[in-house]
Amino acid sequence: MLSSTLILIILSLFLGTGVWLIFIWAVKKGEFDDIEGAKYRMLEDDPPPTRQGDDIDKQSRLP
Amino acid sequence: MSHDSCHHCRLPIPPADAIIDRIDGVELRFCCQGCLSVYRIISGAGLGTYYQKRQLSPSGSQGGTIQDTYDDGYLSGFVLQRHGRGELSFLIEGIRCASCVWLVERYLGSLAGVSEIRVNYGTHRGRIVFDPAAVTPSEIFAAVARLGYTPRPFSYDAARQAEEREQRTTLIRFGTACFLSMQLMGYSLALYAGYFQGIDPASRKLMQYFAALVTTPVVFYSGWPFLGGALRSLRNRTANMDLLIALGVLSAYGASLFALYGGGEVYFDTAAMIVTLILAGRLFEGSARRRAASGVDRLLRLAPEIAHREIGDKTEAVATGSLKIGDILLVRPGERLPVDGTILAGSTEIDEAAVSGEPLPVPRIAGEAVIAGTLNLTASVRVQVTAPAADSFVARVARLVEEAQSRRAPVQRLADRVAAVFVPLVVLVAGATFVYWIWTGGTVDPLLAAVAVLVIACPCALGLATPTAVLVATGASAGRGILFRGGDVLEGTARLTLAAFDKTGTLTEGKPRIAAIRPSAGSEEDLLHLVARAEGGSNHPLARCIVAEARRRGLETGDGEGTRTLPGLGVELGLEEGMLRVGSRRFLRQAGIGGMEPFSAEPLTEIHAALGDRYLGSILCEDTLRPEAADAVARFRRLGIGTAMLTGDTVEAARRIGAQLGIDEVHGALSPADKAEWVKKAMARGERVLMVGDGINDAPALSEADVGCAMAGGTDIALETSDLVLTRPDLMTLVTGIEVARRTLDIIRQNLFWAFAYNILALPLAASGELAPIHAAAAMAASSICVVGNSLRLKNL
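In order, the protein sequence lines correspond to chains L and Z. Per our numbering, the first sequence starts with residue 1, numbered consecutively. Per our numbering, the second sequence starts with residue 1, numbered consecutively.
Accuracy of the hints is not assured; some may be wrong.
Residues of chain Z clear of chain L, computed beta-carbon distances all greater than 10 Å [unchecked claim]:
1) Gly175
2) Gly186
3) Ser322
4) Pro519
5) Leu569
6) Ala669
Distance windows between CB atoms, simulated [said to hold, decoys possible]:
7) L:Arg41 to Z:Ala390: 38 to 44 Å
8) Z:Thr342 to L:Arg41: 48 to 54 Å
9) L:Lys28 to Z:Leu260: 55 to 61 Å
10) Z:Thr342 to L:Met42: 53 to 59 Å
11) Z:Ala193 to L:Lys28: 35 to 41 Å
12) L:Met42 to Z:Glu525: 50 to 56 Å
13) Z:Arg513 to L:Gly37: 53 to 59 Å
14) Z:Gly431 to L:Trp25: 43 to 49 Å
15) Z:Met185 to L:Met42: 31 to 37 Å
16) Z:Gln161 to L:Gly37: 18 to 24 Å
17) Z:Pro424 to L:Lys28: 37 to 43 Å
Straight line, CA to CA, 20 Å or less: simulated SDA-like cross-link-like pairs of lysine to any residue [to be verified]:
18) L:Lys29 to L:Ser12
19) L:Lys29 to Z:Ala259
20) Z:Lys205 to L:Lys29
21) L:Lys28 to Z:Cys178
22) Z:Lys205 to Z:Ala193
23) L:Lys39 to Z:Arg106
24) L:Lys28 to Z:Lys205
25) Z:Lys205 to Z:Ala259
26) L:Lys29 to Z:Arg127
27) Z:Lys205 to Z:Gly264
Hints in this document: simulated from the structure, not taken from any laboratory. For glycine and all other residues, C-beta sits at the position ideal for the given N, C-alpha and C.
Using the sequences and the hints, build the whole thing.
Written out as structure tokens, the structure reads:
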């Protein structure tokens, strides 16, 4: 009884530590620096910004 | 009106704010630069089926011309080299909404050589990674400027890095405390259950050891800010909240460690909960404040870093910082002035809105002084430097702001004052308990009883009392257009006794409006129609107000073709009937036209018109008082708050408006330093001062005052230096804000009472040595629920 409790407790500690490490990694990477943006970005379904051919180039050369 | 809605987003365009573009002779109207730019990009990329082939026309002198203000030599100092790629951070001004961010990201992402671009929605900072061989920093800046936004280089200096690290550390401390407290909750639950139904000693011991294991980092890592604060408070010999928290946490933790070896009940959960809840409270409070970037920095960036100095008959670009008194500069239209100076040759109109809040451009002729950071609108001028960049008007204001901010004592918080009384009291009671049990020598361990007193006296609801009330109040008032920058601002606002207002843009609209149309013959419409034809292409605020009025009446307006602008005077348009002249009294007199009425006594701006040599009449524009201003002043009086007006305008103009609104004290012809000085004196008299303003000239006073309030639409610097921001330009919301603040302070007081009430009930139990963990838990839960529930009442104000 006691040893099974012990195993479960240690298991839960390991699990929690994993999540905690992910949290720290996310904070360090700056994931929480812009908490406003996420709600807008999820609505964008355009392809990621890439060059889109001549028309945009022409735009960028305009005065 | 259907014809006055934005071509891109279909929202109505505020009068006189329209941005007009012409495509194949069709006039398209937009509500903002963002919509215009999106339209341009969509149609430019051939994506818009509605949008036909079109040609671009330059959209007047909006903002500063950034393209040649920053060159690569200067910008390369801001570029970080990483694995052969350049990384540049910059601040983008003019971002108003999510689509602005979208636009900048998409557009820059489409440039050749750009591999990564991210713009932060909250701080408006962009970070771009690019290939230095394919694109240069100045090209990137030019691209942002082309969209109608103003990019500024932004360096991660040491202070800013430290600030960012601090934010992240707090978040990690809180996250760690949360994670460990959740684990702890499991063990505590087992222990509580064991307390009621029995538990075998081995399991109990195991749970207690694990509880000790997870609590230790919470106390010494997550709780470090409190422990450090408590140490400082001991050194200063003033008890504050930190000391009370540290006392409670450490005594609970120490007593539990002792119990772990000596046998008895543990209070690890109490220690961990106090730390976690109080950290949560601090995060709540910090989130409102964090939005503010460094205002002073932005103020200094107003003046361009590059100036064009004349040497012989050539000009060279030099760094603004290297300019000396007596240097001669060339300032072209659309450029901001780099330093203070006097105009040597040429005449122009200067937009001083960023500095003074004055909405109308000011004509400046040779011999007159100009201020760094203001925008040259109409003509090139040669300017002689009168002060080096470090001594310019803007730099002096920035210094005033910095001084005021560093000098201002933080509003002493209610919770701190309570703690200052409470800490010695608790220590006294604990000491008395200890002495009593030694004296009587009963069965109770004197040390344990004394520690139990300390544990129970430091309620964790104390950490929630202020932040929850602040959180609910800031949330509820944000919906009404009032932004409080933190809890101390709410407390400060609740205690105000004197409100000082700036005039232009605060008590008045800051936008000209037509007061009267006075044709010398014929109808009002005829005159308005002719004037609007001449003014149609102009970006001058007076012209825009006339054009907006003409449109409102359904009259046709001109497109600016064939008109000639004479800076500071007016415009000319050649018609078949003769030369149409619209402009100042002086302008018409110079053209040999008479018949103007004498000056009126009212403080109105006059626009006169003549066709050929026939005088047509005049249009009078005024900066109107806000419709709610008089009501708001009366409401202030009813709240027991005195009113004052501080303005840079003439004393007579100030008196007239003051009398109209019923303001108690009126002061005119004040410089920014005078305003700050006045506020300081009022505060020395013991008044708690609210300053309301919108311009750079108000910035020192805003940061000097107990509470500085800026209105949306004011200059960025005013918004940054203020504690309280009204997102709608409506003075009545300020009155509401004060009422909310007063109500919040009441709630905080009640919260503090409830936080202590239950714990004080449990205090005799602790002193008598009868305290069981279940008593501590019950007292804590009851006070926390009362505090949170009480705070939620603020929601339905």
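Results of checking the hints against the structure:
1. For glycine 175 of chain Z, the non-interface assignment is contradicted: its Cβ lies about 5 Å from the closest Cβ of chain L, within the 10 Å cut-off.
2. With a cut of 10 Å on Cβ distances, glycine 186 of chain Z falls inside the contact zone with chain L, its closest approach being about 7 Å.
3. Distance to chain L confirms serine 322 of chain Z as a non-interface residue, since its nearest Cβ pair spans about 30 Å, more than 10 Å.
4. For proline 519 of chain Z, the shortest C-beta to C-beta distance to chain L comes to about 41 Å, beyond the 10 Å cut-off, and the non-interface label holds.
5. In this structure leucine 569 of chain Z is separated from chain L by more than 10 Å, as the shortest Cβ-Cβ distance comes to about 29 Å.
6. At roughly 43 Å, the least C-beta separation between alanine 669 of chain Z and chain L is larger than 10 Å, which holds for a residue marked as non-interface.
7. As the Cβ distance of arginine 41 of chain L to alanine 390 of chain Z is approximately 42 Å, the hint placing it in 38 to 44 Å holds.
8. At roughly 50 Å, the beta carbons of threonine 342 of chain Z and arginine 41 of chain L sit within the given window of 48 to 54 Å.
9. Evaluation of the 55 to 61 Å hint for lysine 28 of chain L and leucine 260 of chain Z yields a failure: the beta carbon distance comes to about 34 Å.
10. Taken as a hint, the range 53 to 59 Å holds for the pair threonine 342 of chain Z and methionine 42 of chain L, whose Cβ atoms sit roughly 55 Å apart.
11. Distance hint check: the CB atoms of alanine 193 of chain Z and lysine 28 of chain L are about 38 Å apart, consistent with the given range 35 to 41 Å.
12. For methionine 42 of chain L paired with glutamate 525 of chain Z, a C-beta distance near 52 Å keeps the hint of 50 to 56 Å intact.
13. Separation of arginine 513 of chain Z from glycine 37 of chain L is about 38 Å and departs from the stated range, judged on CB atoms against 53 to 59 Å.
14. Under the hint 43 to 49 Å, the C-beta atoms of glycine 431 of chain Z and tryptophan 25 of chain L, about 47 Å apart, fit the expected range.
15. Restraint check, methionine 185 of chain Z to methionine 42 of chain L: a C-beta distance of roughly 32 Å satisfies the suggested window 31 to 37 Å.
16. Between glutamine 161 of chain Z and glycine 37 of chain L the beta carbon distance is about 21 Å. The supplied range of 18 to 24 Å therefore holds.
17. One distance hint, 37 to 43 Å for the beta-carbon pair proline 424 of chain Z and lysine 28 of chain L, holds here, with the actual separation near 42 Å.
18. Proximity of lysine 29 of chain L to serine 12 of chain L is assessed by CA-CA distance (about 26 Å); at most 20 Å being required, the pair is judged violated.
19. Of the supplied pair hints, the one linking lysine 29 of chain L and alanine 259 of chain Z is violated, its CA atoms being roughly 41 Å apart against a limit of 20 Å.
20. Using a Cα cut-off of 20 Å, the hinted pair lysine 205 of chain Z and lysine 29 of chain L is violated, with the two alpha carbons roughly 40 Å apart.
21. A C-alpha spacing of about 18 Å is found between lysine 28 of chain L and cysteine 178 of chain Z, which places the hinted pair at or below 20 Å, so the restraint holds.
22. Taken as a hint, the lysine 205 of chain Z and alanine 193 of chain Z pair is honoured in the structure, with Cα atoms around 14 Å apart against an allowance of 20 Å.
23. Straight-line distance between C-alpha atoms of lysine 39 of chain L and arginine 106 of chain Z comes to about 17 Å, which keeps the hinted pair within the 20 Å bound.
24. For a cut-off of 20 Å, the pair hint linking lysine 28 of chain L to lysine 205 of chain Z is broken: about 37 Å separates their Cα positions.
25. Note on lysine 205 of chain Z and alanine 259 of chain Z: the hinted pairing holds, with a Cα-Cα distance of about 11 Å set against a maximum of 20 Å.
26. Under the criterion of a C-alpha separation no larger than 20 Å, the hint pairing lysine 29 of chain L with arginine 127 of chain Z is consistent with the structure, at around 14 Å.
27. A C-alpha spacing of about 10 Å is found between lysine 205 of chain Z and glycine 264 of chain Z, which places the hinted pair at or below 20 Å, so the restraint holds.
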